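J.: The residues making up each chain are set out below.
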Amino acid sequence: MTEIDEGSVRAEVHAWLEANWNPDYGLVEWRKKLAECGWGVPHWPSRWYGRDLPVGLVPAVEEEFKRVGAIGVAKVGIRTLAASTILAHGTDLQKEKFLLRILTGEDIWCQLFSEPGSGSDVAAAVTRAEFRGNQWVVNGQKVWTTSAHKAHWGLLLARTDWDQKKHQGLSYFVLDMKQPGVTVQPLRQMNGYASFNQVFLTDAKVEPEFLVSEVGNGWAVTTTTLMHERRGADGLRSWAIPSDKPGRAYDEEREEIRTTMEPYKWYPQRAGRVDLIMERARTTGKVNDPVIRQEIAKVLIMSKAAEWTARRARTAQEQGRPQGPEGSLGKLASSHIARAAARVHTSLLGPDALLTGDDTPMNGLLAEILVSVPATSIAGGTDEIQRNIISERVLKMPRERTGDTDKPFKDVPRNSVA
Amino acid sequence: MKFSFSSEQEEFRSNLRRLLAARSPIHEVRRLMETDIGYDPDGWRSMNTELGLTAVRIPEAYGGQGFGFGEQCIVLEEMGRALLCGPFFATAVLAAGAILNAGTETEKQALLPGIATGETIAAFAWVEDNGRWDAEGTALTATAAIGGTVLNGHKTYVVDGHTADLIVVLARATQGLSLFTIEGDAAGLSRRSLKSMDLTRKFARLEFNGVAATPLGTAGGAAAPFARTMIEASVCLANEMVGGADRLREDALAYAMMRMQFGKPIASFQSMKHKQADMLLEVELAKSAAYYAAASLDGGDDDAAANAHLAKACASETYMQTAIHAVQIHGGIGFTWDNDTHLWFKRAKSSEVLLGDASYHRELMMQNWAS
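Protein chains in written order, with my numbering: chain A, 1 to 418; chain B, 1001 to 1371.
Hints are computed from structural coordinates only; laboratory data are not their basis. No experiment lies behind these values; they were computed from the predicted model shown. Virtual Cβ for every residue (Gly too), placed ideally from N, Cα, C. Treat each hint with caution, since some may be false.
[Claimed, not checked] According to the in silico footprint, chain A covers these stretches of chain B (three or more CB under 8 Å from chain A):
| id | region |
| --- | --- |
| 1 | 1252 to 1258 |
| 2 | 1272 to 1280 |
| 3 | 1307 to 1316 |
Chain B on its own, in the form it takes in the complex (with noise of 0.2 Å):
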């Protein structure tokens, strides 16, 4: 397999970067961060009316642009790379993936052109209180009712799942695994913004009692479109994060050339320069491994699975590797809360954890390989 962005796609990239440089620009970050909500609604909804981004990888047949993985992680490392406060993971990737995966036509005709219009803000809710990132944690229960379906237990490290309009909802029902869909406001249903590490990340935990459900997919079939989902994910955010881990090298970079100490740039100390030659071999590796694990998923390959648990080790080892030297570089300033180092390095360490670090990961790739 040959791979490389075309030419349309090269274009894409850089546009938007242009655009994301110009809506979120860091101030921008700083600002909406410290917001209850975490995003801003208004140019959440212009970026989507005008871009379309969380259409990329919806089908045309729910309203979406149809495109594949290679572009909507373009839009990912775009994003990770300016630091986008918005609820694009959890809608786009997370929810949208889990519907692509499990729904039937009818609901994904119900569901999906919501999202593609970015009118729905959705969230994917499956980690509970045990930490486990796969199904075999989930204790929420779905039983039947009069007149349906209810949900009870809870769900936590819900991203953006205090916002969202939309939740998608894994649960344990009489049928085996299943996943199910409810409102924001559903009754029943009580939610807590959880205080984020990384301030421009945000969690809640979700308490459901009671909470009527309706079914995505089939009932007792959820464990392989969720098994699905996740691979997705884990291609989607180590796109996310090679963005992030570029823009911090290229920065700790720039600060170098300028920062001057004994009469000389401290970039023109060879300490320096080979931690930055380091640098750059880990992040481009990093990249290497995202991008084909973004083309392996287009391309239905045998091994894209274990190639998406590698790029998700990789880059949760080089993201946040790349902050710690980052932080490094820039020396004392580097530790304050004013320089912008730390606000990457906090994305860093909340995506290393993210649908399981690195070592979980590579289990998981020798799972595929080993056997």
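Extracted from the complex, chain A is given alone in its bound form (with noise of 0.2 Å):
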């Protein structure tokens, strides 16, 4: 293959945006050009819907599509996270069912890993399948998960082999989320908000082509899951802003943005909305409180530390440098702000923070905050998670010797799931 520069990348998108681009366009309608050109996801493989384009290369790509306006393929939700599986460990089958109605966007996805038994530890799943007859059939309860009441599939993790230790005994599989043994139930959280639902599998039927890689190759398949996870999970965090301009590709985007982020809508309060504070203290004038200015001072010195810390780390991968330690302190960072960010809301809300919703400044917006924060040190990997992670893997500390690997799994002590 020759060099390709991005001068030439960027005119040749540009080009064909200009020829081919019509906000008029249904969303499915463009999209579908999208995936038969490849400018939707120019770095994956020429024969599923790319351009065989290196991933340095997306940026500009993404530019040029931002400079006339137009829209690319469906991006947010699991669905991301399942076409990149897919990609890697699925066969030719899977590839042809998903991917395109993934790019397009009519098929949304959901996650079926977590368990009421299994939190931080994944791969103690004990959903059960089972090859019967001539299909898989699935039993169990998997938590934590987003849109499964929408979905359409679900990537499932369960065990195949109780004989097996502990993650060897996974396979991992494709669910159809529309099928009587699928029971979702919406999941209330401490701040009154419903982002996530359970999942109850009473006999789920999975089709033997839906096996994705082979029998008891699960958690390669997970890890590979969990690693776009943990790397798009900024882009999975921020906004996706909508186009205010006119066109029914845009309308139909701002709908599917506006459905696709709901559950979404208190993140930004479980960061603990440092932004607010400044403003906050002047409008409450607690900002001349001695006490609660040295209260302010700590989160503001933390979240600008933290943000410089990643903005080293930013830069140090741009330069091609091997990144430093600063790049694996970014989570644990900001449970520390949140909950400190949290405490400084409570000082300047008062009494205020006894009471919630309306009767509260900012149309609760601020009292939202106090009972959001708790799910920063949990979600995405424990706090207790994150400094083993540091620990073992960015400063060699020794491992620790867990009970569970050694002997078959149906020997491993687990909870009882109520």
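Using the hints, put the two standalone chains together into the complex.
T.: In structure tokens:
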């Protein structure tokens, strides 16, 4: 293959968009065109809707899209993780069946990994898949499943062999969510929202061709999904900004963003809303309280220092240098910041912290911070898990000896599911 | 603003680290800290002749190398890591800073080349018994006398004030706050070494009885250059501090990896692993703040002053907390004189207080952002 330079890539995308983009397309119709020409996911293989472009050139392509205001393929939600996983481990049949409808946004996906008995320890899953007759039959319970009630397909981790050791007895499936064996119930959180679901699987069926990779290789496939989740975590959290331009495609995209982002409405609040602190301190006059000033300063210092640490890591990465330890610390830092910010917001609210909703300032948004922040140090890997990762992978401290990997999983002590 | 060190800067750092490890090993630190002057004049001279460390941030016009705070802060960070005993902070940061910020062209021509070569050991005397780090506490008077100005009063907590050849003094003149320079052996000046808790950083108390002084900069115009000098010194100290904190963290980690209890290294206990993860987080955040504050000074950012206070507050908390953890991780041995941890612990405590503690700098930061 010849050397590809950014300039000619930009010129080529631009010319194609000039000739083809039209906001009066239906969203699905337009995205089918993108899949056909390969500019929607240029880093994907040319056989599967891409152009074999190096990942480094994707931002340039995206910029060209932005320049003409053209809508891209569907990117938000678990569907991106599904695509990456299927591309890496799926069969041609699976790629054919799923990838296009992921790109067009027609199919919604969810992730069925966590269970009531296995949170941080995902590989301890006890949802059972048994091959009976000519198909897989699944029984068990999954939890923390975003969009399960809307999803067409689920990425399922289940145990297929109890005589194997913990990681070897797992398999990975694509589960049809719209079948009688799947029951979805919203899971109400301490902040009143129900952004996640519990999924009950009772004799749910999976066709044999929807096994991803081989029986017993589920953990390797799961690792792929989780790796993409971690890598894309910033993207998932960042708000998709709808365009305000007129046109059918824009209308449909606005609706897509609205529904996809619905469960994430409270996410800015769980991070502590450091951005509101100074303004609130001035409004309430508490900016003049020397004790509160000190507490505000502590939050601002942590928040700035964390921002600069992320910037250090990014700059190093852009310059192609090995990333130092600064790259692994962001998640843990954000927990500290969120907690400290919630404490300051409590001081700034005063007795209003006793109340909630529209009886409190900013129509309940501030009160929402106080009961949302605990999620930050749990979701996406608890602080304790983060500290294990930092100490073991960055500082090379000895790994903890666990008691569950040296014997058949059926003999491992585990939680009883209620 | 993007920020990270260039490959030249990284190379400078690693050379410096090697050199300081060779010239200032811990047994040398222990030897020098027990001496009265607190450093090795020959070693100091040769280090400056070979590397021009005091010259790094002095403009080329005055015999310096003309680099910025970014480079000078690398020097400080490495010195803090090595716990170098030497008058660098007093000379190249405090005194040189005051001269650069306040001095006229002629004064800078006269005073800076000696500092750049390392020949002149200099100090900055501004704090008095009231213990204020800002200029408000200045009571020492400058009065007109036959043939010039004389200083009367006292200064204390003067870093390396007992050995300096040249001392910059903050005084109250009839025109207002003013800066002067005097020689270390000036008539009417009496100097006393104070008993420093951190033996690697020496302090002195100075008594002025009609000491003849040379003006530095505009009479009555010292407030702004003084404030600027404090901002810069806070950033420099913060960088020195994060170097020490990182070294403490590494040493404590190395100890935990080899110390065996209950048949395994204590580093395998989760309580140790989590503590080390927390230490890494804190130290890396403090490093980012210190680096960013240095870059803000070089870039002339509007937020440079606020960022300086932020960096010093952050470094004060972090260095001390890291030192506390480091002693704890070492256990009983960490509380002994023979173990090296206390040397950095004391530098951490001394640096926490010097130029104002964390609360002081948090308040100043808020004054920049809240008004």
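J.: Would you mind marking each hint as holding or not holding in the structure?
T.: Verification of the supplied hints:
1. Remark: the region 1252 to 1258 of chain B is confirmed as covered by chain A, as 3 of its residues place a Cβ nearer than 8 Å to a Cβ of that chain, reaching the required three.
2. Given as covered by chain A, the region 1272 to 1280 of chain B passes the check, having 7 residues with a CB less than 8 Å from a CB of that chain where 3 are the minimum.
3. Against chain A, the region 1307 to 1316 of chain B contributes 4 residues with a C-beta closer than 8 Å to a partner C-beta. That satisfies the three-residue criterion, and the hint holds.
Consistency with the previously given hints is maintained throughout, with no hint failing.
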